[in-house]
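Novice: Next come the chains, spelled out residue by residue.
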Amino acid sequence: AQSVAQPEDQVNVAEGNPLTVKCTYSVSGNPYLFWYVQYPNRGLQFLLKYITGDNLVKGSYGFEAEFNKSQTSFHLKKPSALVSDSALYFCAVRAPFGYNKLIFGAGTRLAVHP
Amino acid sequence: EAGVAQSPRYKIIEKRQSVAFWCNPISGHATLYWYQQILGQGPKLLIQFQNNGVVDDSQLPKDRFSAERLKGVDSTLKIQPAKLEDSAVYLCASSFQADGEKLFFGSGTQLSVL
Chain A
1 AQSVAQPEDQ VNVAEGNPLT VKCTYSVSGN PYLFWYVQYP NRGLQFLLKY
51 ITGDNLVKGS YGFEAEFNKS QTSFHLKKPS ALVSDSALYF CAVRAPFGYN
101 KLIFGAGTRL AVHP
Chain B
1 EAGVAQSPRY KIIEKRQSVA FWCNPISGHA TLYWYQQILG QGPKLLIQFQ
51 NNGVVDDSQL PKDRFSAERL KGVDSTLKIQ PAKLEDSAVY LCASSFQADG
101 EKLFFGSGTQ LSVL
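Protein sequences appear in the order of chains A and B. Per our numbering, the first sequence runs over residues 1 to 114. Per our numbering, the second sequence runs over residues 1 to 114.
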């Protein structure tokens, strides 16, 4: 069965510092991996995805994520955090092909302090 | 391009009452999803439609929840009768392809069952 773990409920970082939001997964076969962001009172927005290819994928708003197959991880990163990055971040995974459902983690709240 | 539209934005009902949510996906998107997001948890897929056919409803509590997508466009999710544990945000999403590589979410309907 597919599963996603986001081990941190909240991540605090100072503006201008690098940030990392952690995600580990479990899925049969090669995973499709995603990050979504949720701002207050808004729906989830797609940030980036990994399907195949380069292990480092770049997405919206300067975010990137690194796929590590041996550690079954897909951590979200940004070199320099902005206060406006403060939001709820969700990692998601699905098995490849067909109608396999997208499974979301519980979310990590990112707080960027001025 | 117009996004995924959902209504109502908020709904408060008493337990054992019924409620319905409406969703209009992005034009041309064949796949439509209903997710339930309980406070502090990640979204959980309730049902997935491909055009007007159901491809996954394994986590839909069918004794009280129902959903339809007539004509393969907009969709309605109904709860009858509601329970206290149904209090959550109900998110509708759509994607162009059935493999759901990128989902577009609506702002959701926040349901409170008293």
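The hints are simulated quantities; they were obtained by calculation from the structure and are not laboratory data. Keep in mind the model is a prediction, meaning the values are calculated, not measured. Glycine included, C-beta positions come from ideal geometry on N, C-alpha and C. Treat the hints with care, as some may be off.
Stated by the list, open to error - Reference excerpt, derived from the structure (chain A facing chain B, CB under 7 Å, subset only): (1) Tyr39; (2) Pro40; (3) Arg42; (4) Leu44; (5) Phe67; (6) Ala87; (7) Lys101; (8) Phe104; (9) Gly105; (10) Ala111.
Novice: Against each hint, give a clear statement of whether it holds in the structure.
Specialist: Hint check results:
With 7 Å as the threshold, the beta carbon of A/Tyr39 stays out of range of chain B, its nearest partner Cβ sitting at about 10 Å, so the hint is violated. For the restraint placing A/Pro40 at the interface with chain B, the shortest Cβ-Cβ distance is roughly 11 Å, beyond the 7 Å limit, so the hint is violated. Look at A/Arg42: its Cβ gets to within about 6 Å of chain B, closer than 7 Å, so that hint holds up. A hinted interface residue such as A/Leu44 counts as satisfied when its beta carbon comes closer than 7 Å to some beta carbon of chain B; here the least separation is about 4 Å, so the hint holds.
Interface restraint check for A/Phe67: the shortest CB-CB distance to chain B comes to about 15 Å, outside 7 Å, so the restraint is violated. This hint is violated: A/Ala87 has a C-beta 14 Å from the nearest C-beta of chain B, more than the 7 Å allowed. Of the supplied interface hints, the one on A/Lys101 holds, with its beta-carbon coming within about 5 Å of a beta-carbon of chain B, less than 7 Å. Among the interface hints, the one on A/Phe104 holds; its C-beta lies about 3 Å from the nearest C-beta in chain B, closer than the 7 Å criterion.
A hinted interface residue such as A/Gly105 counts as satisfied when its beta carbon comes closer than 7 Å to some beta carbon of chain B; here the least separation is about 5 Å, so the hint holds. For A/Ala111, the interface hint is violated, the least distance from its beta-carbon to any beta-carbon of chain B being 16 Å, above 7 Å.
Hint compliance for this structure: hints 1, 2, 5, 6 and 10 are broken, all remaining hints hold.
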